[in-house]
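Enquirer: In case you want the letters, here they are:
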Amino acid sequence: MTATLKQPGWPRAFLGALLGGAFGFGLVVALRAISGLEIFQTEQTGYPHVIVPAVTAPIGWLIGFGAFDYWFRWAAGRPTIPDDHSSHGAYSWKDYFKFNTDHKVIGIQYIVTTFAFFFIGGLLAMGIRAELAQPGTQVVDPGVYNGLFSTHAAIMIFLFIVPVFAGIANYVLPLMIGAPDMAFPRLNALSFWMLPIGGILFLASFVVPGGAFDAGWTGYAPLSTGAPLGQSFFNLGVQFAGASSIATALNFLVTIVTMRAPGMSFWRMPLLVWANLSTSLLVVGATPFVAGAQFMVLFDRVLGTNFFEAAAGGDVISYQHIFWFYSHPAVYIMMLPGFGIVSEVISTHARKTIFGYRLMALALLGIVVLAFAVWAHHMFVAGMFAWLRVPMMITTLLIAVPTGIKIFSWLGTLFDSKLHLENTSMLFALGFIVTFVIGGISGVMLGMIPIDIHVSDTYFVVAHLHFVLFGGSVFTIYCGIYHWFPKMTGRMYDERLGRWHFWLTAIAMLGTFIPMHWIGMEGMPRRVADYAAQFGDWNLFITVFSFILGVAQLIFVYNMIVSWRFGPKAPANPWRAKTIEWLVSSPPPVFNFDEIPRVVGGPYEFGVPGAKHAILTEGEEGADVGGPEPAVVGTASGGGSD
Amino acid sequence: MKDMTPATFLRLLAVTLLLTTVASVLMLIPDWNGLQGSAEAKDIDTLTDVMIVLSAFVFSVVMVMMGYAIWKYRAKPGDESDGEPIHGNTRLEVVWTLIPTAIVLFAGVYATLVLDDIEAEAADSMRVDVTAQQFAWRFDYVDAGKTSTELHAPSGTQLELHLQALDVLHSFWVPEWRIKRDLVPGASLDDPEGDADIDNVVRVTPTVEGTYSVVCTELCGWGHSVMRAVAKTESPEEFESWLSEQKDIPEGQVGTGVAGGNGAGSLAEGQSGG
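Read top to bottom, the protein sequences are chains A and B. Positions 1 to 642 (the working numbering) are the ones given, in order, by the first sequence. Positions 1001 to 1274 (the working numbering) are the ones given, in order, by the second sequence.
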């Protein structure tokens, strides 16, 4: 047994958690005893003997699991154990439960874990809709209801949408740039393992005194500073999810900048790479602010600071500024990778290069810059400085321009193309364009202050955010999963089930979220367990469609599981796409490439006979695996430039 | 697109305009925002209607482009060939950058004009202090020295609402009046834009007699969904008569603009030290 406990792994991890928790608990008890304070402080905002172990136990778990072994040895000046790559690659299901440094394993770990949280978040949504089916309170009491929507949103945002894109990119991006792995594989693995910790902290709030955190995912002070213990679990969970996100973004930035295959200039990068570059810039710039905002709330709660305590001179509205300075870029963090995915899928299934590729890349960068300049549109009625509203409205309206450029470019790609609609990923890509435009339209309306004054904090906002997060982000997530499923699993999924999934989801989604615009404008506020009787009929309609939406996702789950096990074997390039990941087998070899690919052209050179994006043979120009190279390497005929 | 004849383009444009018109009509018929109960409501609703028409246009452009492309460029079964190697069209890209920019800037300017209009101070506005607490409202007519748990307003007079909260954030909204603003703990009733830098003064001119609800629109705890008060617009005579029947503002009432000061207290008691 001691041998097991000396090796990194689950047993040692639990031992580490135990020791870490005990250390944290003991620290609090000892310090409080020495200071003459009551040892177990159980005012609902306090519980330091729970809070500190809630931080030290996960850290102990990570240490025991082996996440820091290499770095500790190196920091201590001891000889490091050369990586024999035994922690690389997956040969059985058990390898997915290890501290595995292979980006492809990590990608799948992310995707499976985040989808588990997606379904938990979805169940919480079912709880919300069950209560809202009729006026009055039938299913849960209002306090529990507030916990339902708070955890629903927090889980969806921090544990599904943000990290699932990181997972998809983790798998695809190194392959797509011709790299053998990410720049920092160990950091990559650590990033993944911090995520379930964040999830467990969020979910643990359900079982502590006072119940789940219930101040909304936005956690505005002073409601959050005075809330029961569960709120502190939100404050802490965000730290782990945030650290995971930031470390991954740093990893992507270094990988993209330094590890592109020879010949892949920035203007030959696929748009998925541009999208993840942009997203990573947003993450590193913005995420520290939500970590800071949650720390400030936690300190007000547990340490007696007064950041947001009006009676002590604190500034209540400042919480919202700090929070939204992250949370607005966050919505682009949750969308830009999806934009990249849509570009990959549309070019592939339209058999055509993306229209206006350069402007598409520049539009991503434009969104990154503007994303930091619009946050106060969430605060038009907050009572902040009146003069800030109009400038923020202008920047908010302007950010519609680069977004619109992308929509028009995708549509332009469809013209003079050879459109294939049989593939589920293409259905989701086109469906995304429709639903995201609707969400963008309601967003522009919300950006106009007089309209926002009326519909802020009503179901109009709930409609908008679900159109852009479900019709936007989730549709692109499904788009990417279907597109790269063969590459990741080596199997083909069932296309007919995929089509059923798409159509049921699309129709149910529209039925669920369209009426929310109307009831919001008519007077139904958001975050309410009960509402005026006049809204009963539409709420029942919405609930029915939301249940159909929930059930439709089971088709996806069934398809994924059964296809992964029993689906027909997938060829290297079932979609006849051009980007580098499709040049290797499905799934790829453990170290991706037997030889470094060489990039010889743009990523979407459809329609140019013999044009290649990358070739796998090194050395002479001549021999390659599929036909002559274009006469002039690196350019394409047809009027554009790379 | 490269082969599109002017005739085809005009036909597509006609379909787009037709779709825009149909969508606009369908979307403008229902009274989405409800009764226009204040002078501000009309401006806001007109702005909303203009945006609905613009949105119908944008949505129609997208749907027509997508529908046409699907119809015209769908690959025949078994066709494995590629589409045209078209990389872009600089002129078109400039157009679809500049036109949306112009549209959104127009919207921004229009919205700013409406905002200035609905926030303009009237000469004869009547001050009412609004105090929110978990989970009830209080309205103090400071000039008359009266307090009530109902908000009554004489039709046609601009209310100047001074907002404060005693515990957590709340938000004041009467849907028919359209106007909404958060009530922030720490806001000062008598020094609206002084040290606290909290913009807690909002104006509204109720115009249509009737009984409405003040709805709390900022999550404030378990009672958030039932935190309502009666808002009633009535004739000036009825209002005066109602006002005279209300209780006087108690001496030292918590969170009163006259006596000053914030702090914990209970609306049910209605009075305690400051």
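Note that these hints are calculated values from the structure, not bench results. Mixed in with the good hints there might be a few duds.
[To be verified] Calculated lysine-lysine pairs in the PhoX-like style (CA-CA distance at most 25 Å, straight line):
1) B:1072 with A:418
2) B:1146 with B:1076
3) A:418 with B:1076
Enquirer: Confirm or reject each hint.
Expert: These are the hints, each one checked on the structure:
no.: 1; hint: B:1072 with A:418; verdict: holds (9 Å)
no.: 2; hint: B:1146 with B:1076; verdict: violated (78 Å)
no.: 3; hint: A:418 with B:1076; verdict: holds (8 Å)
When the structure is compared with the earlier hints, a violation turns up for hint 2 alone.
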